[in-house]
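One rule links them: number in the working numbering = place in the sequence shown (from 1) + 63.
None of these hints come from the bench; they were simulated from the model. A couple of the hints might just be wrong.
As the list claims (entries may be wrong) - Label-pair distances were calculated between CB atoms; the ranges are:
1) Leu-96 / Ser-129: 23 to 33 Å
2) Gln-105 / Ser-129: 34 to 44 Å
3) Leu-96 / Gly-71: 50 to 60 Å
4) Val-130 / Leu-96: 46 to 56 Å
5) Gln-66 / Ile-104: 34 to 44 Å
6) Ser-129 / Thr-108: 24 to 34 Å
7) Val-91 / Thr-68: 52 to 62 Å
Heads up, the beta-carbon is just placed ideally off N, CA and C, and yes, glycines get one too.
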Amino acid sequence: MDQTTIVGYALAYLGTMTAVSFMFLPAVITVTLLLLVGGAIQLVTVLLKITTLWLFKGASTVFRKSVQKLHGHGKGVGELARR
C-alpha cells in the first residue's frame, strides 16, 4: 500500500467524521438547550419553594403572635401544661 493511498484514506476518514459531526450538530444543540431549560426550571422551582416556605413561616409567626395577644397568653403552651 502506497503512502499516498494511506494519506488519502486518512483524509477521507477525517472528512467523513467531520460531515457526520456536522450532521449531528443540530441534535446536540437541541439536547443542550433542553438540558439548560430543564436546569433553569428546576432552579426556579427550588427558589419558589424556598420563598413559599419563608412566607408560610412569616405568616404563621404573625398568626401565632396575634392569637397570643387576642387570648392574653403572654406565656407559651409550657405555662398551660404546668398548671
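Here is how each hint holds up against the structure:
no.	hint	result
1	Leu-96 / Ser-129: 23 to 33 Å	violated (49 Å)
2	Gln-105 / Ser-129: 34 to 44 Å	holds (36 Å)
3	Leu-96 / Gly-71: 50 to 60 Å	violated (38 Å)
4	Val-130 / Leu-96: 46 to 56 Å	holds (50 Å)
5	Gln-66 / Ile-104: 34 to 44 Å	violated (55 Å)
6	Ser-129 / Thr-108: 24 to 34 Å	holds (31 Å)
7	Val-91 / Thr-68: 52 to 62 Å	violated (33 Å)
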